[in-house]
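S.K.: Okay, here's what each chain looks like letter by letter:
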Amino acid sequence: MKQAAQQDATFPDSGSLERIEAQVAELKGRMDALTDKQPADKLSMVVFSGDMDKVLASLVIGTGAVAMGMEVVMFFTFWGTPVLRDKDKSVGGKDVMGKMFGTMLPKGACSVKLSKMNMGGMGTAMMKSLMSKKNVASIEEMIELAGELGVKMYVCEMSMDLMGFKREEMIDYPDLTFCGVAKFLEEAKDSRVQLFI
Amino acid sequence: MSENISSNKTLDLKGLACPMPVVKVSKGIKDVGVGEVLEAVTTDPGSLSDFPSWAKSSGNEIVKTEQGDGEIRFFIKRNA
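Heads up: the protein sequence lines correspond to chains X and F, in order.
As numbered in the numbering used here, residues 393 to 589 make up the first sequence, in order.
As numbered in the numbering used here, residues 5 to 84 make up the second sequence, in order.
Hints are computed from structural coordinates only; laboratory data are not their basis.
Just so you know, these numbers come straight off a predicted model, no measurement behind them.
Think of the CB as a built atom: it goes at the ideal place given N, C-alpha and C, for glycine as much as any other residue.
Some clues are possibly wrong.
Chain X stretches covered by chain F per the calculated footprint, using a threshold of three residues with CB under 8 Å from any CB of chain F [as the list claims (entries may be wrong)]: (1) 454 to 462; (2) 523 to 534.
Within a straight-line C-alpha distance of at most 27 Å, the following computed BS3-like cross-link-like pairs (lysine-lysine) qualify [to be verified]: (3) LYS28(F) <-> LYS544(X); (4) LYS544(X) <-> LYS34(F); (5) LYS526(X) <-> LYS18(F); (6) LYS446(X) <-> LYS18(F); (7) LYS434(X) <-> LYS31(F); (8) LYS429(X) <-> LYS60(F); (9) LYS31(F) <-> LYS544(X); (10) LYS575(X) <-> LYS499(X); (11) LYS13(F) <-> LYS434(X); (12) LYS581(X) <-> LYS60(F); (13) LYS434(X) <-> LYS34(F); (14) LYS28(F) <-> LYS520(X); (15) LYS18(F) <-> LYS520(X); (16) LYS479(X) <-> LYS491(X); (17) LYS28(F) <-> LYS525(X).
With the rest of the complex left out, here is chain X:
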């Protein structure tokens, strides 16, 4: 009995063979569609904060992710935008609001402040000296490292416009793109890890 059943399974009639082939073809199609949908080994990060501690954390995660073999995209928006200003560049032709934002917001990575214990700048200064004593890289050094490692940086065009920043006053970074939310989402959709900092 058992042997007969086995023989039936090994030699199905042509009708069931066709059915099986059709099922296999359908499954293969579904597998291909799933493989296409699989997100890439990529990290997409929104850097919303302009606080020194949070920006540092985002850069540590970003550079660490490259070491882990991931592709990394950092999207700087809102308070994160002025972190990418160049302290040595100044541009003219700004309106009153633009000038005000320009003066009040940090001019580059060297002038960002701690989110806690800033104490009128004293806390941030203490943290910076502690970081250099403990061999922790500064934000400027981390941005340079990120550039060497091929981290892509996107800057939110809307934030630039709101705060009156001009492209000419941003840092010279190897892979800096000015864009909108769709560009970030295109990357985020295709990323295994997404963070908002």
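The hints should help you fit chain F onto chain X, whose structure is shown.
M.R.: Below, chain F without anything else, positioned relative to chain X:
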């Protein structure tokens, strides 16, 4: 198993803080050939858990870890 693992190259990562040890080891592993062993020395206690994670993620293998005198010594076989 054999206790004496010889390395083809040594990478000094002493005194470096997170994320530098993993960033540098991910570059340094490319200086040895596939199948060869890179020896990496760190002082960052975080690297004790970071290096195995990095190795797993990058497809390499930590064949031996030694600790002593505040130093951590990793023997990493390049597989990828």
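S.K.: Hint by hint, note whether the structure agrees.
M.R.: Verification of the hints:
{"no.": "1", "hint": "454 to 462", "result": "holds (count 6)"}
{"no.": "2", "hint": "523 to 534", "result": "holds (count 4)"}
{"no.": "3", "hint": "LYS28(F) <-> LYS544(X)", "result": "19 Å, holds"}
{"no.": "4", "hint": "LYS544(X) <-> LYS34(F)", "result": "22 Å, holds"}
{"no.": "5", "hint": "LYS526(X) <-> LYS18(F)", "result": "12 Å, holds"}
{"no.": "6", "hint": "LYS446(X) <-> LYS18(F)", "result": "26 Å, holds"}
{"no.": "7", "hint": "LYS434(X) <-> LYS31(F)", "result": "18 Å, holds"}
{"no.": "8", "hint": "LYS429(X) <-> LYS60(F)", "result": "24 Å, holds"}
{"no.": "9", "hint": "LYS31(F) <-> LYS544(X)", "result": "18 Å, holds"}
{"no.": "10", "hint": "LYS575(X) <-> LYS499(X)", "result": "26 Å, holds"}
{"no.": "11", "hint": "LYS13(F) <-> LYS434(X)", "result": "30 Å, violated"}
{"no.": "12", "hint": "LYS581(X) <-> LYS60(F)", "result": "25 Å, holds"}
{"no.": "13", "hint": "LYS434(X) <-> LYS34(F)", "result": "21 Å, holds"}
{"no.": "14", "hint": "LYS28(F) <-> LYS520(X)", "result": "23 Å, holds"}
{"no.": "15", "hint": "LYS18(F) <-> LYS520(X)", "result": "21 Å, holds"}
{"no.": "16", "hint": "LYS479(X) <-> LYS491(X)", "result": "15 Å, holds"}
{"no.": "17", "hint": "LYS28(F) <-> LYS525(X)", "result": "20 Å, holds"}
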